[in-house]
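J.: The residues making up each chain are set out below.
There are 2 protein chains.
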Amino acid sequence: MTHHSPSTRSPSTSLSQTETLSLSALTFASLSVLFNIFYLQTDGEPLIASLSLSVLAFCATYSMIRWLGSTFIKAGLKGKDMSKIQKREIPECMGAICAVVYLFVMLVFIPFPFYKDIVAATSGGGNKDIVFNEGEDVGDAVGRGRLLHRFPISKLASYLSATISLSVITLLGIGDDLFDIRWRHKFFIPAFASIPLLVVYFVDFGVTSIVVPIPLQPYLGELIDVGGFYYVYMASVAIFSPNSINILAGINGIEVAQSIVIAVLLAVNDCLYLLTPSYPHPATDSHLFSLYFLLPFLGVSFALLWHNWYPAKVFVGDTYCYFAGMVFVVVSILGHFSKTLILLLVPQIFNFVYSAPQLFGLVPCPRHRLPRFNARTGLLEPSVTAWTEDKQPKAVIGWGLKVLDKLKLLRVTVDEETGRFVETSNFTILNLWLVWRGPMREDRLAIEIVGTQIVLGLFGLFVRHGLALLIFKEDNWSITWR
Amino acid sequence: MTHHSPSTRSPSTSLSQTETLSLSALTFASLSVLFNIFYLQTDGEPLIASLSLSVLAFCATYSMIRWLGSTFIKAGLKGKDMSKIQKREIPECMGAICAVVYLFVMLVFIPFPFYKDIVAATSGGGNKDIVFNEGEDVGDAVGRGRLLHRFPISKLASYLSATISLSVITLLGIGDDLFDIRWRHKFFIPAFASIPLLVVYFVDFGVTSIVVPIPLQPYLGELIDVGGFYYVYMASVAIFSPNSINILAGINGIEVAQSIVIAVLLAVNDCLYLLTPSYPHPATDSHLFSLYFLLPFLGVSFALLWHNWYPAKVFVGDTYCYFAGMVFVVVSILGHFSKTLILLLVPQIFNFVYSAPQLFGLVPCPRHRLPRFNARTGLLEPSVTAWTEDKQPKAVIGWGLKVLDKLKLLRVTVDEETGRFVETSNFTILNLWLVWRGPMREDRLAIEIVGTQIVLGLFGLFVRHGLALLIFKEDNWSITWR
Chain W
1 MTHHSPSTRS PSTSLSQTET LSLSALTFAS LSVLFNIFYL QTDGEPLIAS LSLSVLAFCA
61 TYSMIRWLGS TFIKAGLKGK DMSKIQKREI PECMGAICAV VYLFVMLVFI PFPFYKDIVA
121 ATSGGGNKDI VFNEGEDVGD AVGRGRLLHR FPISKLASYL SATISLSVIT LLGIGDDLFD
181 IRWRHKFFIP AFASIPLLVV YFVDFGVTSI VVPIPLQPYL GELIDVGGFY YVYMASVAIF
241 SPNSINILAG INGIEVAQSI VIAVLLAVND CLYLLTPSYP HPATDSHLFS LYFLLPFLGV
301 SFALLWHNWY PAKVFVGDTY CYFAGMVFVV VSILGHFSKT LILLLVPQIF NFVYSAPQLF
361 GLVPCPRHRL PRFNARTGLL EPSVTAWTED KQPKAVIGWG LKVLDKLKLL RVTVDEETGR
421 FVETSNFTIL NLWLVWRGPM REDRLAIEIV GTQIVLGLFG LFVRHGLALL IFKEDNWSIT
481 WR
Chain S
1 MTHHSPSTRS PSTSLSQTET LSLSALTFAS LSVLFNIFYL QTDGEPLIAS LSLSVLAFCA
61 TYSMIRWLGS TFIKAGLKGK DMSKIQKREI PECMGAICAV VYLFVMLVFI PFPFYKDIVA
121 ATSGGGNKDI VFNEGEDVGD AVGRGRLLHR FPISKLASYL SATISLSVIT LLGIGDDLFD
181 IRWRHKFFIP AFASIPLLVV YFVDFGVTSI VVPIPLQPYL GELIDVGGFY YVYMASVAIF
241 SPNSINILAG INGIEVAQSI VIAVLLAVND CLYLLTPSYP HPATDSHLFS LYFLLPFLGV
301 SFALLWHNWY PAKVFVGDTY CYFAGMVFVV VSILGHFSKT LILLLVPQIF NFVYSAPQLF
361 GLVPCPRHRL PRFNARTGLL EPSVTAWTED KQPKAVIGWG LKVLDKLKLL RVTVDEETGR
421 FVETSNFTIL NLWLVWRGPM REDRLAIEIV GTQIVLGLFG LFVRHGLALL IFKEDNWSIT
481 WR
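Protein chains in written order, with the UniProt record's numbering: chain W, 1 to 482; chain S, 1 to 482.
Simulated from the structure, these hints should not be mistaken for lab results.
Warning: the hint list may mix true and false statements.
Intra- or inter-copy, both count: the list cannot distinguish identical chains.
With a cut-off of at most 20 Å between alpha-carbon atoms, the simulated SDA-like pairs for lysine to any residue come out as follows [what the hints assert, rightly or not]:
#1 K84 to A29
#2 K74 to F179
#3 K87 to F202
#4 K74 to D180
#5 K339 to L461
#6 K87 to E416
#7 K74 to R182
#8 K74 to W306
Please construct the entire structure, taking both the sequences and the accompanying hints into account.
T.: Structural data, given as structure tokens:
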């Protein structure tokens with residue numbers, strides 16, 4: 001989406017005095033807390049360290065987005081905002097900054113949850129036999145409350161594999177933004193990025209048994225080992241999540257806002273486990289792990305939203321969408337709550353299914369399907385695909401289009417005299433919303449879509465925790481070792 | 001180093017029939033071997049799997065460099081070869097392809113050395129208590145010979161941290177190639193990339209004791225814990241290695257060829273440990289680990305050299321130099337043979353020290369210091385920095401320049417009448433070689449420099465293994481647990 005023509009006005013690349021002061025204060029406060037935790041060994045460490053690092057991540061991302069904007073434009077990473085009267089060129093692919101800051105934070109964070117006191121003997125060279133000393137530090141912390149719990153070092157491989165998946169998707173996402181990869185190729189980018197996650201899962205963990213719903217247990221037993229299919233399932237989730245976020249896009253702020261909503265809802269779900277009455281819940285570790293990945297993600301995302309919200313000063317790029325989707329994949333796969341993720345992706349799933357006729361070529365698909373900007377009113381209207389006289393839909397497709405029109409799931413314009421199709425609105429949730437609610441301003445559309453997503457997500461969590469007990473004994477996937 | 005002007009002739013982007021046949025045969029053979037190892041559980045697995053994957057990496061890199069050339073050029077990743085009569089534009093930053101292929105191979109490789117049979121009990125949720133079953137498979141393999149040895153799963157974190165360091169340096173390297181980062185900033189790129197390595201070293205390993213040379217042992221003891229300084233030392237090696245390769249650059253093939261020489265010498269060193277009479281050596285694991293990282297590196301590098309050797313069809317980019325340097329860093333730090341790496345970097349160290357006057361601004365430093373191409377003769381000559389009448393060196397610098405001239409370490413041209421400096425050759429090993437040996441063709445220069453490097457490297461290894469016993473009891477850094 002980069003257009004090569006000289007920019008008319010270059011955006012501001014420095015921070016205002018207020019911004020500098022606020023960011024410096026936040027940075028100083030976070031650093032103090034971190035110093036305190038690391039050197040003075042105060043209590044409650046890892047979660048507070050994660051929070052502080054997330055605030056630092058916010059500050060770093062906020063400043064770097066501002067500072068590097070013109071550098072990105074110079075390197076050709078720029079795009080024109082088509083839904084504005086003045087079509088200024090603004091930096092594209094700013095999600096890359098988020099991803100890089102995020103990765104650093106996740107790496108620097110490692111000593112907080114994983115630090116261990118070891119008493120060990122060496123067998124020389126590079127070999128080692130480790131004797132864990134689970135005494136003092138860790139034991140005390142566990143005694144005082146589970147929030148203080150530190151992970152066993154054996155969980156580090158999972159943590160690192162997640163980080164590798166996220167760096168790989170960042171690398172490939174940047175490649176996509178640079179080279180404008182074809183749709184049918186880019187669809188598989190997340191599949192490649194899930195390799196590290198799945199390989200380490202295979203080597204380090206290897207559980208492929210799933211709990212059978214109670215009604216089916218008389219026939220299948222309590223647990224069933226689905227073997228290789230479990231990897232196919234995980235890979236499918238990994239492919240779907242990033243792509244579904246990438247196609248619910250096209251208006252200012254929508255990519256980041258929807259990702260923030262999903263992240264917050266996942267974090268709320270994590271907190272439900274950490275604060276449950278039957279505490280400590282067996283899945284506490286998984287949900288703590290999940291929070292450690294979600295908090296810094298929220299940090300970098302809020303900094304990006306600040307600049308990407310209407311009227312956008314930067315674009316996020318496919319990099320951000322892939323990256324965000326992959327964050328959800330790694331926490332939900334490693335935390336074994338991929339069903340919950342699917343529940344929170346309902347709007348994205350709807351958008352994907354609804355888009356299918358265009359994605360799979362049943363209906364012609366223009367290069368961009370974002371809503372059409374009406375310069376006279378300043379509002380967005382549904383964008384359309386035109387049907388020419390010699391290019392009419394096949395009979396069955398035409399019938400389908402008319403049914404969708406009846407169901408108010410599409411706006412179809414038919415020539416009343418000839419009965420020929422003139423145009424149909426494009427198959428995205430954004431256009432559909434505009435069909436339902438009429439033309440509206442870009443930010444209003446983003447707010448309404450995200451609002452709907454919040455309502456659906458909260459309802460999903462309620463269903464998950466309220467109704468799951470009807471079909472499963474416990475309210476999360478139990479894990480057993482084969 | 002990208003110049004934006006229309007390309008006159010586009011390079012070939014497809015494989016010839018011979019190439020397709022050879023690469024397909026190689027690919028098929030490697031895949032058969034891998035299939036055999038993975039499914040039929042034959043012997044001698046990990047090292048042979050690593051070799052097969054390296055061959056696959058060669059094929060993949062070779063094809064992708066050819067296929068993606070025009071895509072890179074379209075995205076603005078291109079440069080002009082200044083040392084040719086026809087200054088064609090060719091793709092730049094092709095090292096990114098090497099790095100991405102390499103990372104995938106390293107991830108896909110994980111199940112081969114780390115696959116384990118576990119008998120384990122779960123304590124629910126995400127917790128786990130693992131009981132290793134070191135019996136059957138692993139035990140047998142160890143019994144039959146150490147080459148078959150598989151790593152304990154606890155070594156996986158080191159392996160993954162190395163992979164993360166390599167993905168981070170790839171990300172930052174691509175950033176450098178895209179944005180043309182200033183010299184004083186890019187110098188620290190490897191420092192950032194070494195964070196994952198050092199953090200995981202800190203959390204998972206944490207050894208900071210070094211063996212004291214025998215003459216000093218009466219005063220300091222056998223071992224000395226240097227604490228934080230060990231991390232400073234490791235970070236310094238991590239910063240130096242990639243940068244030193246990045247500044248010994250500028251003629252076709254030199255970046256890749258020097259990296260291949262270092263990798264081969266490190267691999268020879270590894271083999272010395274694996275084939276030693278006092279076998280199994282305590283450091284066997286470290287050197288096997290090192291081979292697993294070096295073999296695929298050689299695979300991707302040979303494919304790149306094929307296209308980058310004189311006359312180059314592609315440029316490698318800073319990405320490749322950083323990436324190559326970082327591969328050496330991760331194997332030598334995790335394998336505890338960083339001193340050996342330093343020994344093999346002698347030409348690079350010389351080039352860096354020799355470059356210092358220009359790098360640190362004592363002598364003016366032009367944007368590019370590569371040798372000057374004489375279009376009339378078709379040969380390379382030393383490039384020079386001119387001294388104008390009003391810009392003469394300060395007295396002490398002028399004295400230094402004259403001393404270097406006397407020592408034949410510089411070519412200085414002085415105006416005989418006025419005694420003023422007219423020009424001095426640029427401070428790089430390539431220019432110095434041309435001062436010594438006279439003008440020569442580009443490939444000849446690359447061969448002579450790389451030849452010198454091979455001789456020095458072999459001598460270094462001889463010194464390392466022959467003389468080290470005089471000052472250390474064992475011929476490698478022993479590891480103990482604090």
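J.: How do K74 and R182 come out at 20 Å by Cα distance, when the copy is not named: within, between, both, or neither?
T.: between (24 Å within a copy, 15 Å between copies)
J.: Under a CA distance limit of 20 Å, which applies to K74 and W306: within one copy, between copies, both, or neither?
T.: Classified as neither; 22 Å inside a copy, 32 Å across copies.
J.: Given identical chains, is K87 near E416, meaning Cα to Cα at most 20 Å, within a copy, between copies, both, or neither?
T.: neither (37 Å within a copy, 63 Å between copies)
J.: Regarding K84 and A29, is the shortest C-alpha distance of 20 Å or less found within a copy, between copies, in both, or in neither?
T.: Neither: 39 Å inside a copy, 57 Å across copies.
J.: Have a look at K74 and F179 and pick one of within, between, both or neither, based on CA distance no larger than 20 Å.
T.: For K74 and F179, both the intra-copy (16 Å) and inter-copy (8 Å) Cα distances are at most 20 Å.
J.: How would you classify K74 and D180 at a CA-CA limit of 20 Å: within, between, both, or neither?
T.: both (18 Å within a copy, 10 Å between copies)
J.: Is it within a copy, between copies, both, or neither that the alpha carbon of K339 lies no farther than 20 Å from that of L461?
T.: within (11 Å within a copy, 56 Å between copies)
J.: If the cut is 20 Å between Cα atoms, do K87 and F202 qualify within a copy, between copies, both or neither?
T.: neither (49 Å within a copy, 51 Å between copies)
In terms of the numbered hints stated before, the structure departs from hints 1, 3, 6, 8, listed from lowest to highest.
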